[in-house]
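Peer 1: Chain order of the listed sequences is A and B. Position one of the first sequence corresponds to residue 1 (the numbering used here), numbered consecutively onward. Position one of the second sequence corresponds to residue 114 (the numbering used here), numbered consecutively onward.
Hints listed in this document are in silico derivations from the structure and should not be mistaken for laboratory results. Think of the CB as a built atom: it goes at the ideal place given N, C-alpha and C, for glycine as much as any other residue. Please note: incorrect hints may appear among the correct ones.
[As the list claims (entries may be wrong)] Some chain A residues well away from chain B (every beta-carbon gap over 10 Å; in silico): (1) Q6; (2) V13; (3) I18; (4) N22; (5) S49; (6) G104; (7) S105.
[Claimed, not checked] Here are the computed distance ranges between Cβ atoms for each label pair: (8) B:R194 <-> A:S12: 39 to 45 Å; (9) A:Q14 <-> B:V125: 38 to 44 Å; (10) B:T214 <-> A:G83: 23 to 29 Å; (11) B:K128 <-> A:P9: 39 to 45 Å; (12) B:R197 <-> A:L11: 28 to 34 Å.
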Amino acid sequence: DQQVKQNSPSLSVQEGRISILNCDYTNSMFDYFLWYKKYPAEGPTFLISISSIKDKNEDGRFTVFLNKSAKHLSLHIVPSQPGDSAVYFCAASDQGSARQLTFGSGTQLTVLP
Amino acid sequence: GAGVSQTPSNKVTEKGKYVELRCDPISGHTALYWYRQSLGQGPEFLIYFQGTGAADDSGLPNDRFFAVRPEGSVSTLKIQRTERGDSAVYLCASSLTPDSTEAFFGQGTRLTVV
Numbered sequence: 001d002q003q004v005k006q007n008s009p010s011l012s013v014q015e016g017r018i019s020i021l022n023c024d025y026t027n028s029m030f031d032y033f034l035w036y037k038k039y040p041a042e043g044p045t046f047l048i049s050i051s052s053i054k055d056k057n058e059d060g061r062f063t064v065f066l067n068k069s070a071k072h073l074s075l076h077i078v079p080s081q082p083g084d085s086a087v088y089f090c091a092a093s094d095q096g097s098a099r100q101l102t103f104g105s106g107t108q109l110t111v112l113p
Numbered sequence: 114g115a116g117v118s119q120t121p122s123n124k125v126t127e128k129g130k131y132v133e134l135r136c137d138p139i140s141g142h143t144a145l146y147w148y149r150q151s152l153g154q155g156p157e158f159l160i161y162f163q164g165t166g167a168a169d170d171s172g173l174p175n176d177r178f179f180a181v182r183p184e185g186s187v188s189t190l191k192i193q194r195t196e197r198g199d200s201a202v203y204l205c206a207s208s209l210t211p212d213s214t215e216a217f218f219g220q221g222t223r224l225t226v227v
C-alpha cells in the first residue's frame, strides 16, 4: 500500500515556464514533508521541506504548497531551467523530522531549452 | 569527507553469496539511515541507527539482512545468501540528530545479483 504517491512518472516543461510536481499521501499521521532531487548516478539531494503546521514554504525559485485536507502537496519551480531536469521525489515523515522517510516513486522532470 | 560516502559504487555478486556495503556518514552525524531503491521506485526505509544502536530495523525485509555501526560512525549493511530480488541501489543517509529536518544521502551502491 503506497502511502505517498506521485502519479505522474514524467513531466516536460519549456525553459522559463512553471513546473508543477504533485504528490498525494494517505497517512494522516505524516507531519513533515520534503522534496528531493536526484540526478543519474547520484544520491537524492534535499531541495525544500514543509511542516504540517504551514501551508506554504518558499525558497528562491522553489515553493512547496501543502493542502492537508486534500492530503496533497505540490512543488512549484519558476522559472524552470534546463539544469532542473532530474527526478523529483516527494517524501514524508510522521516524526516531524527527516527520520524514516516514506518516499513516492518520483517524477522525471525535463526542462526543454 | 564533506558528504556521505558509500563503497563500493557498484557490486556484482552471484546468487547465494554474501555481500557487505559500507557507509561513511558526515562527520559528527549521530543518525544514520539505510534505504533501498528498486528500479522505478522511490527509496524504501530499511534501518535507522542512533549512535551505535539500531533504533528501528522494521524495514529490513528478512533475516538475511543485517546492519551494524559498532563505533557510531561507519555502518555496514550485510546481506547473506543473496537473491536476484536483492538487486537494487542501496542508499545511506545521515543527519546531525534524529530530530534534524534534513537528511543527506550518499550516491548509493548499485548491487546486482546474477
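Peer 1: Work down the list of hints and note, for each, if the structure agrees.
Peer 2: Hint-by-hint comparison with the structure:
With a minimum CB-CB distance of about 8 Å to chain B, A:Q6 fails to clear the 10 Å threshold, and the non-interface call is violated. The beta carbon of A:V13 is kept farther than 10 Å from every beta carbon of chain B, the shortest such distance being approximately 21 Å. Taking the minimum C-beta to C-beta distance to chain B, about 24 Å, the non-interface status of A:I18 holds against the 10 Å cut. In this structure A:N22 is separated from chain B by more than 10 Å, as the shortest Cβ-Cβ distance comes to about 14 Å.
The claim that A:S49 is not at the interface with chain B is violated, since a C-beta of that chain comes within 10 Å of its own (minimum 6 Å). With a minimum CB-CB distance of about 5 Å to chain B, A:G104 fails to clear the 10 Å threshold, and the non-interface call is violated. At roughly 5 Å, the least C-beta separation between A:S105 and chain B is not larger than 10 Å, which violates its mark as non-interface. Separated by about 43 Å at the C-beta atoms, B:R194 and A:S12 satisfy the suggested range of 39 to 45 Å.
In this structure the hint that A:Q14 and B:V125 lie 38 to 44 Å apart at CB holds, the actual value being about 41 Å. Our hint of 23 to 29 Å for B:T214 and A:G83 holds, since their Cβ atoms are close to 25 Å apart. As the Cβ distance of B:K128 to A:P9 is approximately 30 Å, the hint placing it in 39 to 45 Å is violated. Between B:R197 and A:L11 the C-beta distance comes to about 32 Å, which sits within the given range of 28 to 34 Å.
In terms of the numbered hints stated before, the structure departs from hints 1, 5, 6, 7, 11, listed from lowest to highest.
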